[in-house]
Every structure is written in structure tokens, then in C-alpha cells.
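Asks: Here is what each chain is made of, one letter per residue.
There are 2 protein chains.
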Amino acid sequence: MKLAVLGAGAVGRSVVELAGEYGHEVVALADSSSGVVEAGGLDADAVFERKDADGVVGEKDVAAVLDADYDCLVEATPTTLDDAQPGFGHAEAALARDRDVVLANKGPVAERYDDLQALVDESAGDLRFEATVAGAIPAIATIDGVGAGRVTAARGVLNGTANFILTRMAAEGLDYEHVLAEAQDLGVAEADPAFDVEGIDAALKCAIVANVLHGGGYTLDDVDVRGITDIPGSALELAAEDGRTVRLVGEVDEAGNARVAPRLLPENDTLAVTGTQNIVQLETTNAGRLNLSGRGAGGPETATAVLADVDRLAD
Amino acid sequence: MKLAVLGAGAVGRSVVELAGEYGHEVVALADSSSGVVEAGGLDADAVFERKDADGVVGEKDVAAVLDADYDCLVEATPTTLDDAQPGFGHAEAALARDRDVVLANKGPVAERYDDLQALVDESAGDLRFEATVAGAIPAIATIDGVGAGRVTAARGVLNGTANFILTRMAAEGLDYEHVLAEAQDLGVAEADPAFDVEGIDAALKCAIVANVLHGGGYTLDDVDVRGITDIPGSALELAAEDGRTVRLVGEVDEAGNARVAPRLLPENDTLAVTGTQNIVQLETTNAGRLNLSGRGAGGPETATAVLADVDRLAD
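Going down the list, the sequences are from chains R and A. Using the working numbering, the letters of the first sequence map in sequence onto residues 51 to 365. Using the working numbering, the letters of the second sequence map in sequence onto residues 51 to 365.
What the hints contain is simulated information worked out from the structure, not anything from laboratory work. Wrong hints could be hidden among the right ones.
[As the list claims (entries may be wrong)] Each pair of labels, with its calculated beta carbon distance range:
no. : chain 1 : residue 1 : chain 2 : residue 2 : range
1   : R       : Asp176    : A       : Glu109    : 42 to 50 Å
2   : R       : Ala221    : A       : Gly306    : 36 to 44 Å
3   : R       : Gly306    : A       : Gly293    : 40 to 48 Å
4   : A       : Asp272    : R       : Glu232    : 45 to 53 Å
5   : A       : Gly59     : R       : Asp93     : 56 to 64 Å
[What the hints assert, rightly or not] According to the in silico footprint, chain A covers these stretches of chain R (three or more CB under 8 Å from chain A):
no. : region
6   : 195-208
7   : 254-263
8   : 328-338
9   : 341-347
10  : 352-362
[Said to hold, decoys possible] Facing chain A, from chain R, some residues (calculated, C-beta under 10 Å):
no. : residue
11  : Ser64
12  : Leu68
13  : Glu71
14  : Tyr72
15  : Gln167
16  : Glu180
17  : Thr192
18  : Glu317
19  : Thr320
20  : Val323
21  : Asp365
All residues carry an ideal CB built from backbone N, CA and C; glycine is no exception.
Please work from the sequences and hints to get the whole structure.
Replies: This is the structure we're talking about:
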């Protein structure tokens, strides 16, 4: 398939670099301020050399990229809340032209799932968004395989930054502020870590899973959210003395309630993954509990989920 | 889709009982000695009442079921080795009529993968076999999603009976023979447990995964197999003193070598699932390691994998 990629951060860049390996071709790419269109396929090295040197990917703008002759739009711009713009508008433009859309951007499916499905219903194009939940872990594909109506509940550790911090606090007996600074030094946490440590990122993933399981109706506002910023190191020490640990767990329960909160778990619980790992646990009507774990973030990891979606659309 | 189901054991029965929930219809069913064909759809309750009372599902034979007007054949007769008959012949008959085939029977894909793919190449029908590896766990679908060429190695705990026995031996400090008798009482091990405890079942699953990863070429003979029958309880005690445990691990390594053998693992290793749980671990080129765990056997669990395949074929 011919791909147009919006967003030239870690994920967008990895999609451009790996697309050829999957037999697809990137014909257009935009970052936040510039765009490039090459009907015969982009030269990834040349484009990123230019971006690194001049801060732009090409002479054109986002509008030109949206107008390019592509089969599938990959939306990998940063997640935004509320109206989920500009990501939502990008998806809208592609669907209006009967093109397929693959989202890595969580905003449109977390905040405007119903609006988006209405556009899909009117379009000959289709929509997939595996990359929006837990990176490389095939959460959405597994729900699709089992059938959303046969998944009664879902829970998981959905944010690697928060999990890294909790794991380090428990292992070293250090306080939150101390470990956060370490995580920032390592590049595991961003300079402004609020999105991760306050549980918002995990809550967006919960909203997306809830939308998939219940056919829509959820936004971030429907998720009860508590982060990890007020957990003292002493709480983790107390937990450890009792063979337990704390994880930031996102959950959509059987009644359809969605929440993110720190939870006390047995130290050897399947959910208690360590470091930046993520895990998704699905309860099913006929097949018991399924556990899926792996890398929940990262450019190539998330691009793997994007390109698996592109392959499914190509089939 | 209209399904013909071959095999009326736990898996075949669950497929018949659950098909309607998935929007499919079973129009024919055979057990080892009888068959029933109902163009308008079987009455599952009536058929299994008859089987329980008279030992037959109907007046017809397997040939009549193979000749029925179905879209997809579900092959769920017991796994056989070498020529994999009669399962292979059933799949062959369906593909020759350009029908789709879904296998729960491991024999044809473990022992005659290349022969089977040659038949698929000549047919308008397609073949899927998610249920042959680790029951409800979406191992094959996840390999398909990542792309077989991007999965560099696979390993896992692939036999619930052997894992139950090892877990109990370690937990109770009991010997193999003692725990085997207990497992047989509980129905977790069969009267003749050789297939499970000697590693053959796990080895067939390894051969199937190796065929998927490498495009064929493997049979049971290509898998180096050691079971759990000669592990003394004292070995597990020694392991436990060192924070370790033993699991029967099946593996297809980076060089393409396939083997099943007891392996010493850290007690809290992701691979060290307990009881009858299975796990599949995939190493990928761009997405790191993925872990998939859940119930590896059971009628409804395996039927879930069968019906997910039917859904994929229907799409």
C-alpha cells in the first residue's frame, strides 16, 4: 500500500524506516510545520537527514500531504485531548476521500470514538488503531479475535514510565521524586511527566479499550483516574514486607466502569510486570483469562503495531 | 459460514455449541463412526443427546459429512502422527472442493505441513490452525501480525498436563509417579499420559511453530524431545533452594533448531507459568519480546481459537 505518514517523531520515523520491509511505500510525510510528497516513494535517509539539519522534512505543508495519492493515512502526531485536533481532522480528511486510516495517536479514539465511527460508516475506507494501546502488544487484535462481546473485562499495566518508577521505588526503597529524576535522566520519563505519572496516558488507553468492548460511548472524562505521584516510598516498603507490590492498573470492569489507580498486588502476580513492560489481561466468556505482555512504547515497537494494521487493511 | 465439523470430542462439541453465538451454522457433524447432515443447521442438543444415549450422532457416515454443502471444514479429530490420517485426508477432501479448512488436529500441520500447503496452493479454499498451538492463546495470529520473518525465535510452556505435574511436584515435594496419579484422578492427565509427559504433544506444537516461522520443512522427527518422566522430586527441591524451578520448555531457536526439554528457570521467570497454564514467548526484530499466556487446552477454550479462525476466513 501507499502510505502517507503524519508525524515525524519516534513512531512516524520508525514507520517510514520500516514500511519497505513490509512491502509498503511511503509517498508523503509531514511533521508539525512541513511536508514532503514523492509519488515514487520517499528516500527515508534523505528526508531525515534534512529534518535533522534544517528542522523540516520538505518544502510542502500538511495540506499537500493530506492531498497526496495514498491508500492509507498513518496518523502519528502527538496525542491531544478534548477535540483531539489536529489528529481527528487528519483522519476525517482521509476517510472523506475513502482512504484507510491507521492511528498511533490516541486522541481521536479515546476522546471522539463515536464521531470517528460515524465517519467510518460513511466511508469506503476503514480504521485501525492497534498502536494506541500498549505499543507492540496485540491487545486490539486479540479482542477482535475473541470477539468484543465475549471479553467481559480488561485490565492492565498500560504506562511504562509509571511502571518503571514504581518498580525502582520498590527495588531501591527510594521516594517518588528521587526516582522520577533518575527516570528523566534515563529518558524514560519526559521533562513534563504529568501525562504518564498522573495516569492520563493509561486512562486514554482504558477509554479506547472500553470503546472497543462496548461499541463506543467513552472519553477520558468517563475514566476515574488516580496517578502515582502521592505514593510514598514507605508504602512500597510496607507492601514488600507482606510479599506485595504496587502497580498502576487500568481497568474496564464487567459493569463497564473504567478506572486507573495504584493497586496492591501479590509480588508474583501476572499483572506485576517490571520496568517499562506493559501487560494487558482479558477476561473472556469461553476461554478464561488471556495475558499479553511486552514493550508498550518505543518507536520501532509502536511502528510494528502500525504496520500490522496496515497489513490487515491490505488483506 | 456453514460449517462441517469432524470430531465430536470436547473441542468438536464446543465448536458445535458455540458456533451460533459467532453467527455461523453447523450443517454437518461426524464422530469416529457416524455422521449427521442437516442443510438447515443441526440441533446441537438433540445431536449430543443422541450421542450420549446411543453412541452415534446420526445415521450417516463421515463420507456423507465430507460431501455436505459447507463453506468451512473444522477438523477436530484426534491428532495422529506420521501420515496424519484420517485428519489429513479430511482436509484434502475439503480443499479439493475449494472449501476452507480450520484445524484443531495438530497432525496435518505438524507432520505434513508441506503436503498440506501444496494442496492449499491448488485450492480456492484457505487453511488456518490457531487451535493447534496452545489452545486459546493467539500464538499464530500474533506471529501473522508481526510477520513470520520478523519473529526470530519462539519458546514456551506448551503442555498443561506436564506443567501441572511439575508445578505440583515443586509445591508439594512429591515424586513424579505420585503426582501423575493425582493428575489422572483430577482428569488433568489421561490414563495413557505418554503423549503429554514424554513431550510429544509439546514437540508437535514446536514443529507447527517452526513450520510457520520457516515456511515449512519440519515434522516431529525434526524436534529434539525430552519429557519429564525421569525428573526426581529431589531435583525440584534442589532447584527451589536456589530460587529456581523446572519447566518443560519447547523452543524454536534463532538457528531454526527445534527442541523440547525440561529447563531450569528462575522461579519468577515469565515462562514459569503454574498449573495447566500455557505461555508462548516470541522474540521479534523490531518489537522486542512478546509474552502470551492463558489456557492451552479445554473444549470451549480451543473452540474459541477455532471460531476466531472461522471469523478470519469469513472476513
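Asks: Each of the hints needs a verdict: does it hold here or not?
Replies: Structure-based check of all given hints:
{"no.": "1", "hint": "R:Asp176 - A:Glu109: 42 to 50 Å", "result": "holds (46 Å)"}
{"no.": "2", "hint": "R:Ala221 - A:Gly306: 36 to 44 Å", "result": "holds (37 Å)"}
{"no.": "3", "hint": "R:Gly306 - A:Gly293: 40 to 48 Å", "result": "holds (41 Å)"}
{"no.": "4", "hint": "A:Asp272 - R:Glu232: 45 to 53 Å", "result": "holds (48 Å)"}
{"no.": "5", "hint": "A:Gly59 - R:Asp93: 56 to 64 Å", "result": "holds (57 Å)"}
{"no.": "6", "hint": "195-208", "result": "holds (count 4)"}
{"no.": "7", "hint": "254-263", "result": "violated (count 0)"}
{"no.": "8", "hint": "328-338", "result": "holds (count 4)"}
{"no.": "9", "hint": "341-347", "result": "holds (count 5)"}
{"no.": "10", "hint": "352-362", "result": "holds (count 6)"}
{"no.": "11", "hint": "Ser64", "result": "holds (8 Å)"}
{"no.": "12", "hint": "Leu68", "result": "holds (6 Å)"}
{"no.": "13", "hint": "Glu71", "result": "holds (8 Å)"}
{"no.": "14", "hint": "Tyr72", "result": "holds (7 Å)"}
{"no.": "15", "hint": "Gln167", "result": "violated (18 Å)"}
{"no.": "16", "hint": "Glu180", "result": "holds (8 Å)"}
{"no.": "17", "hint": "Thr192", "result": "holds (5 Å)"}
{"no.": "18", "hint": "Glu317", "result": "holds (8 Å)"}
{"no.": "19", "hint": "Thr320", "result": "holds (7 Å)"}
{"no.": "20", "hint": "Val323", "result": "holds (8 Å)"}
{"no.": "21", "hint": "Asp365", "result": "holds (8 Å)"}
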